[in-house]
Amino acid sequence: MGEPLLEVRGLTKSFGGLIATDRMDLDVTEGETHAVIGPNGAGKTTLLSQLSGDLRPDAGLIRFVGEDITHLGAPARSMRGLARSFQITSIFKDFTALDNVALAVQAHAGSSFRFWRPARRERALREPALEVLRTVGLAERSELMAANLAHGEQRQLEIAMALATRPRMLLLDEPVAGMGLDESQRMIRFLQSLKGRQTILLVEHDMDAVFALADRISVMVYGRIIASGRPEEVRVNPEVRQAYLGEDTLL
Amino acid sequence: MRTTIRASLIFLHTALMAVSPAAAAETVKIGFITSLSGPAGIIGKHMKDSVELALDHLGRKVGGLDVEIIYGDDQRKPDVGKQLADEMLKKHRVHFVSGIIWSNVMLAVAPTVTQAGTFMIGTNAGPHELAGKMCNELFFTTSWQNDQTPEAMGKYMQDQGIRDVYAMAPNYAAGKDMISGFKRYFKGRVVDEVYTKLGQQDYQAEISQIRAAHPKAVFVFYPGDMGIQFVKQYVQAGLREQIPLYSVYTIDEVTLPALKEVAVGIFETRYWSPDLKNEANQKYIGDFRKKFGYTPSFYGTQSYDGILLIDSAVRAVKGDLSNRKGMIAAMRKADYKSTRGTYTYNVNHFPIQNFYLLKTVKGAGGEVEMQIQKTVFENHKDAYYQDCGMKW
Amino acid sequence: MARSPRALTLAAGVLMLALVPVAAELLDQPFYVDLFRRIMIFAIAALSLDLILGYGGMVSFGHAAYLGIGAYAVGVLTHHGIANGYLQWSLAILGSALVALAIGAVSIRTSGVYFIMITLAFTQMLYYLGISIEEYGGDDGMRLAVRSQFPGLLDLRNATAFYYLVLGILLLFLLLGQRLVDARFGMVIRAARSNEPRARAIGFSPYRYKLTAFVISGAMCGLAGALLVNQTEYLTPEFMHWTRSGEIMFMVILGGIGTLMGPVLGAAVFLLLEDVLSAWTVHWQIILGPFLVLVVLFAKKGLIGLVPDEAAPGG
Amino acid sequence: MILLVLEQTLNGLQYGVMLLLMAAGLTLVFGIMNLVNLAHGSLYMVGAYLATGFYQWTGSFLASVALALAATLVVGIVVEVVALRTLYERDHLDQVLATFGLILFFNELIAIVWGRAALYSSLPGWLSGHMQVLPGVRYPVYRALVILVGLVVAALLYLMVTRTRLGMLIRAGASNRTMVAALGVNIRLLYTVVFGVGAALAGLAGLIAGPIYAVQPGMGEQILIQVFVVIVIGGIGSIRGAVVGAVIVGMVDTLGRAFLKPVLSIVLSPSAADTAGPALASMLIYMLMAAVLAVRPQGLFPVR
Amino acid sequence: MLTVDALETAYGDSQVLFGVSLAVRPGEVATLLGRNGMGKTTTVRSIMGILRPRAGEIRFEGRPIHGLPSYLVAQAGLGLVPEGRQVFPNLTVRENLVATASNRLGNPDPWTVDKVFALFPLLAARHRALAGSLSGGEQQMLAIGRALMTNPRLLILDEATEGLAPLVRVEIWHCIERLKASGQSILLVDKNVRALTRVADRHYILEKGRIVWTGTSAELAASEDIQHRYLGV
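Residue numbers (my numbering), protein chains in the order written: chain A, 287 to 537; chain B, 13 to 404; chain C, 688 to 1002; chain D, 37 to 340; chain E, 60 to 292.
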């Protein structure tokens, strides 16, 4: 293994008296699917938002492809190949599904300071967008308003938008949250299909999804990574079981 | 079917009648612009009531023709006045525009009206531009040129040997005219000239400055609402006993009901006073009090005079409203019963008239009123008529 | 697309506007040329506001500033004896674009109520600046000695020629606006309005686009200001009074936010209502006020919402 | 010169106190109900008219103050219940427009009832005099009283917000109204009470302003924008911010008008100072607001 | 004392609850279990009147409370400790407790600030601190104390141990046990099966907006399959 694609050192973020990220270190290697698990409120989404540039850390360093990106904003990180999905579905609700993805394509296809030609007639934007929709299985729903898609479909669209930016690394925030069993199975199968081709940092609660997808797992509690390793290692780690899965031993 | 056609024809006929200019000629249309809203609204009321009284006296006819008055509220804003004038000219097709309290409004309105070939009969504002370079044969005023009244006060104060005067006025066309008029005859030291925002209501900060400057006297021009506020606050601050106050267009029948005793002893100069003894004035004041229940002001007399002046012009051309030359010639004679007595017009269509010194006193009945003390100027001409190119 | 009810409404509206001078001539009511020219000028201002308000989600409560800048550009040059319209109007557009750039650069960093308030604050500054410059009439403002002159092209003193020029500009801006909002640029500002964090996450820096839209909008409104001062032939800081911003905003909402025809319709209905109501009673605002409240509460999509439309994607 | 500065400081304080009375209600409504209420100035106007009206009717200044305060409280509650309740859930744009509509309505209503011309309310004799503040400095009794009343009201408000249950609920509501309701507090009633109190304070400002300014339709809008500047500078929703903001704005505005011109004339030529002085003075508070927002986008005392 | 019958709730167009039915008896500790996004919090919010249910019936001590505004639901005797704690950050600890305190139903031995401090000594030490400056565990204790100060007949805790350090969680569980011992009825919403089987009497498992399993602690503890299928343990 060479240089990690993403390197986090001493990352710290607190809200008032609440320490959400506590001197955290994390490495993600090119090509792997790395899951961060932990109970709700452990600071997973806060971590992801700092990685994507939506939140400014109080201290620490984030390095991506060898470059220090700690002080870059979200758009700049997207341009460098970091794409995120949101835990609470975040799409352009009053645009069609295709528009949503085409916008993501547009952001990475030359200047958007173009004032005359209708963007909806630009094949260079529409065709790649449609292609991505096809990959996630939303091609038939492309002309529907995003707001009118089912919840699971909106989650798929969320991933499609991230993929359309052709990222080097995907940051996925609970991609199967709120999905029924069938929907989450489908999503998991789709994400499995990306494995190997796409580096993924996955924050997830659903253990089925995590163990189905992850090459490596880091366990986060109280803003800190308490253990990191291959799934089977983590599964048997007593510290993890105690901290994450229950406190029976203490009761 | 037939009735429908007939009805349509009648409708069409009426519609054509309504818009054809020939039909309009049977009525004199006068647009009267004044300030009806806000703090200055009280002045507008004086003027509007006087216009109505004038029409009563004329039997609701002007020059023998039916009359239609369109009132407009300029809100003391020149742009609003201009817009009103445009509307009166283009939408209502008025023959005369009259009224206007404020010189800044007048400067916006008068050229608009005269350029459209319509008469502008000013009944208060007299900015120096209109007396001089911008004078126009279609512009007449029944009031005065702004500088004249403060000239009288300047002369009086000069004669009294008063020195070190602090001068204040609102920051607009008339305010500057007033101070320059004052300085034309007052030769002592002007400690400071302060211009405040037109319509300002709180003068406490300025009053503090006056106190710090400790002049020998204060000269102000604060018409209408501004006068009420300024004088009250001047008294409240305890300056009245420290520094005497002289004013023009500040203490009058508009402000006295609000000021009452506070104003007693203050001097003003003016061309008119309720106690001016002539038949027209006594009739006007008597009927006005009877109809409206309060004492009229010079704003009212001027507006009343304005309607009478228009009446004299229309009468002279026997109702031929297209005869502009005839009407101009008639108005130049000032041939009507003015409340100030007889007067003549200067070449610039501004009156040549007397100016008096007035004092606020407690009258016999205990009410506070203004009384003429003496005549400061007789047949006083304004300082700008030589700049006016009109010859007649 | 071409046959949608809205397209027909647009065509009918344009036809009607084009016929106003003819009708006014026939009825011998030249006043209506003035009235409808005024309506179209405010329609341009409202349209410019809607570009950032409806499409960009920026609640600018200081749009009257650009009306003022445009008007002052014309008025000041005329005051110094330069009546050349090309120069005046270029300055109006350029000047308001620059001011919009300055105001936008600061205010777009804030959001919500603070954006409303800071745009208002800047406009108040300009308003008081206008009031204090004695040279250009201060409080009183000043008459425009002559209308802008376009030697060899047309004469604005001719009410009809001026009318058709304004109509032409309005139509041009409608077309430009349509292209703008559908082009890549428009997609970005609409996306940023719809969901700014998402727009950032896919790689757009909304700030630059919003600022550009803000500047374009300011420039358009500046031209409206240049037209307005020619219309009234009077320059006054009142053009920049905050209630004017409120009125323009109301026109947008009344007509239909986030559409191009909406602001035009809104301006027409607002000013006609004002004309009709004020002729009927001096207390017309007691009707207009509650009407405004009702529109806000119950006609969320504005009047244009009453005209059916094919589900136009990407509001 | 020192006496002049002192006197102008008093003037600034007096103006600041008026702003504070307006700002207190507005900032609470803004902060806890998230409502941009442009019509707050109308309540100020209503207070001024009612006080003037009651004074003419009763002939007693103190009685008119009491009656006008009670009446504006009622008017405020009626306005809240009838018109504003539905606006809490709307976005700021809707609120701005709807309350702009209310302004037109109120101004016109007042114009119909009292006419468009301004009313002048006079003061009873015991208030219309002046007092010796320092040797050589006389200050109007009424304005001194205004300052005193304002400071007392500010202190009471501060105690109310920091010490009482109502104050705690107001602050709690500003940060999380759902939770306040879920813990058994009738938040609607709380809103109505707060709005009523805010209205009464605006009414108090209005009736105080009556004898200083002209009582006329539209008088509320002349002060409203300044009040917005106050609460934006202070931090929306913060009473402390409103107090500090009001004093700052009152001082900056008054002292700017009084001293900017002379100060500038030291640096610039007199004619340039004549032009720039008043221009800068009237822009000063807006520049201040822009500067504060540039450095602290949530105002000086952010609520959260 | 609380019965929920065929509750349906939607956010706009998307329905989240499809007929949830459950009941809590006086003095008992019941739980609502389920993975994230299954509708647990939506159920709580619907009960509390924060969300308006589309259909179904909610009764508390025999009185229908569905459709009531949330303050009336609370006044009827329900005390909420919400998901994410939601203390008032700009109020001090003491103020948080006092601001909404009440005893409308006439608890003969009402909660006081001192009693809450006795239950959570950590809070007593910080009573003048702003709630926003507390640690997560302290905030959770404060949120529980705040709800207790309304003297509720039924206490609802939504994800009360989420994201807390193990030691703190243990303290919270001990506190709940003590409350139970004092006769307090409690509805717990959580994912923490092991701890819950000790504290609680009965369990409801929520899956995609429906109750899919009900049983006692013993039954739940015995059924590895149910635990795995619905709770991912």
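Do not rely on the hints blindly, as some may be mistaken.
In silico DSS-like pairs for lysine-lysine, Cα to Cα no more than 30 Å straight-line [what the hints assert, rightly or not]: (1) D:Lys297 with B:Lys103; (2) C:Lys988 with A:Lys481; (3) A:Lys481 with E:Lys267; (4) C:Lys988 with A:Lys379; (5) B:Lys228 with B:Lys303; (6) B:Lys403 with B:Lys60; (7) E:Lys267 with A:Lys379; (8) B:Lys199 with D:Lys297; (9) B:Lys371 with B:Lys103; (10) B:Lys386 with B:Lys403; (11) B:Lys386 with B:Lys295.
Negatives, chain A to chain C, calculated, CB over 10 Å [unchecked claim]: (12) Asp311; (13) Leu347; (14) Arg400.
The set of hints was computed from the structure by calculation and includes no laboratory data. Yeah, the Cβ is synthetic: ideal placement off N, Cα and C, and Gly gets one too.
Now for the hints, and whether the structure bears them out:
no.: 1; hint: D:Lys297 with B:Lys103; verdict: 46 Å, violated
no.: 2; hint: C:Lys988 with A:Lys481; verdict: 46 Å, violated
no.: 3; hint: A:Lys481 with E:Lys267; verdict: 28 Å, holds
no.: 4; hint: C:Lys988 with A:Lys379; verdict: 17 Å, holds
no.: 5; hint: B:Lys228 with B:Lys303; verdict: 44 Å, violated
no.: 6; hint: B:Lys403 with B:Lys60; verdict: 33 Å, violated
no.: 7; hint: E:Lys267 with A:Lys379; verdict: 23 Å, holds
no.: 8; hint: B:Lys199 with D:Lys297; verdict: 26 Å, holds
no.: 9; hint: B:Lys371 with B:Lys103; verdict: 46 Å, violated
no.: 10; hint: B:Lys386 with B:Lys403; verdict: 34 Å, violated
no.: 11; hint: B:Lys386 with B:Lys295; verdict: 23 Å, holds
no.: 12; hint: Asp311; verdict: 25 Å, holds
no.: 13; hint: Leu347; verdict: 21 Å, holds
no.: 14; hint: Arg400; verdict: 4 Å, violated
The earlier numbered hints that this structure contradicts are 1, 2, 5, 6, 9, 10, 14.
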